[in-house]
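Just so you know, the protein sequences line up as chains C and L, in that order.
Heads up: the first sequence is residues 1 to 249, going by our numbering.
Heads up: the second sequence is residues 1 to 247, going by our numbering.
Fair warning: there could be bad hints in the mix.
What the hints assert, rightly or not - DSS-like mimics (lysine-lysine), calculated; alpha carbons at most 25 Å apart, straight line:
no., chain 1, residue 1, chain 2, residue 2
1, C, K213, C, K25
2, C, K108, L, K21
3, C, K74, L, K173
4, C, K185, C, K213
5, C, K108, L, K20
6, C, K5, C, K213
Please keep in mind that the hints were generated in silico from the structure rather than gathered at the bench.
Given next are the chains, with one letter for each unit.
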Amino acid sequence: MLEVKNISKSFYDKNVLDNVSAIFKRGQINLVIGASGSGKSVLVKCIVGLLEVDAGTVEFDGRNFTTMNFMERKLVRSEIGMLFQGSALFNSLSVEENILFPLEMYTKQSREEMLDRVNFCLQRVNLENVNHLFPAELSGGMQKRVGIARAIALNPKYLFCDEPNSGLDPRTGILIDNLIMEITKEYQMTTIVVTHDMNSVMETGENIVFLHKGKKWWEGNNHEILKTDNKELCDFVYASKIMQKFKGF
Amino acid sequence: MVTALHSIGEYFLLLSRVFKKPDNWKLYRRQILVEMTTLGLGSMGLIAIISFFMGAVVTIQTASNIDSPLIPDYAIGFATRQSFILELAPTVMCLILAGKIGSNIASEIGTMRITEQIDALEIMGVNSASYLILPKIIAALLIVPVIIIYSMFLGVMGGWFVSAYSDFTTMDKYLLGIRWNFTMFSIVYALIKTLFFAFIITSVPAFFGYFTRGGSIEIGRSSTKSVVYSSICILIVNYILTQLLLI
Ligand SMILES: Nc1ncnc2c1ncn2[C@@H]1O[C@H](COP(=O)(O)OP(=O)(O)OP(=O)(O)O)[C@@H](O)[C@H]1O
Ligand SMILES: [Mg+2]
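Chain C extracted, bound-state conformation:
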């Protein structure tokens, strides 16, 4: 379980996160949704410590991450896997080396064991025969999947995915959603997925946090989201005119 308590973050005079609190549970997909620029990526970066929060705390299963020093954080980070919005694969390394990287950093396994793990992770995301290709030689969807493979290489307890299916066709998107769902259940991870894709919200939304202008505006699951009468959330869910007519605005 991952708990965020009253965190705020601003850049210069711009308030991006305002007193956000949320609980992300283990063994399920926790969605963070919101319009572009609402602070979703910043929230995730604050949680994993890539950005320092101005106020509030982040707790990983009761361990207060905010007050930890570098070495303690490193220990927690060995339990974190993260897929970045732009995949963030190391473009000077091949696919195989990309996935080896965290293994070499954190484990003392032999080269064979590591390569086994690499191939296992690649299989898990339905990729084959790409070991020696470079990120630039892959399609966007393949890069995302390699990103996921790298994120799960160390069998993390906490998995963060920033827009895992943006820029993908709906079918591949759903494939990736299902994949994240499967590994979350299988390894009982605490998974946080940032998205603004309504398909994945309906598909995987067990616990949804809706951010609006840096505030937590709404919280619930995919059944409740259809019944909500929260104005901003409805604007987000029923973005198109046709959908709005459907809902009866």
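We have chain C already, so just place chain L with the ligands on it with the hints.
Then chain L with the ligands, alone, in the frame of chain C:
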């Protein structure tokens, strides 16, 4: 002024992170070798061409500007050698490397910043500043002196070419000139300067790359800035070191 001081402070803070003890030497060793190849071999051709032709031109210029009978003939070779070893090879070649290596480093690290690769490194528990910058600095400290010695050699060869294939001077006089009153200290002096410059042309661009914000336009801006500022640093440090070393 305040922002300039702020940047200088940030630069030294970054350096303090760069020189933290690395916890995985194996990854570093590999990176250092890779960087030595890209920084070193990648610049050899350019430096060779520039050095050879500059050596030739300096010789011709010196020869055609000396017409006093009081100045001995071997002064031509002597002047070529001295100017190359003392200034042209270390300072001018490092300025050229600042353009070549510097913009390269700034855009490489800047791209890693805006595509979140640096964040990914941090998540994996890597001290990204050290992992990305230290191997480049070490590689440059090792390989740039080699490039500079190679440049000195080729510069003097350029002059020799002129003496052999034109009639500005003769080969005998040139060879006498380049050996006349030679002290090892001038090479040592040049190499001391080179080490400082090698540090500048890697760390300054790395700084601008590392703190790139935004998109591809900013990468271009970082890389331009890094060339400008590392060149300025080289010129200032050159002045200071020349004062200090030649008293
Ligand atoms: N490093 C930064 N410096 C200054 N402002 C920033 C920084 N990072 C983010 N912001 C600002 O914070 C706001 C929220 O950004 P964020 O990336 O969290 O949006 P998002 O919800 O992830 O949007 P998207 O869905 O488009 O990815 C934006 O207005 C952005 O300009
Ligand atoms: Mg985002």
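* **Unsatisfied constraints (hint numbers, rising)** => 3, 4
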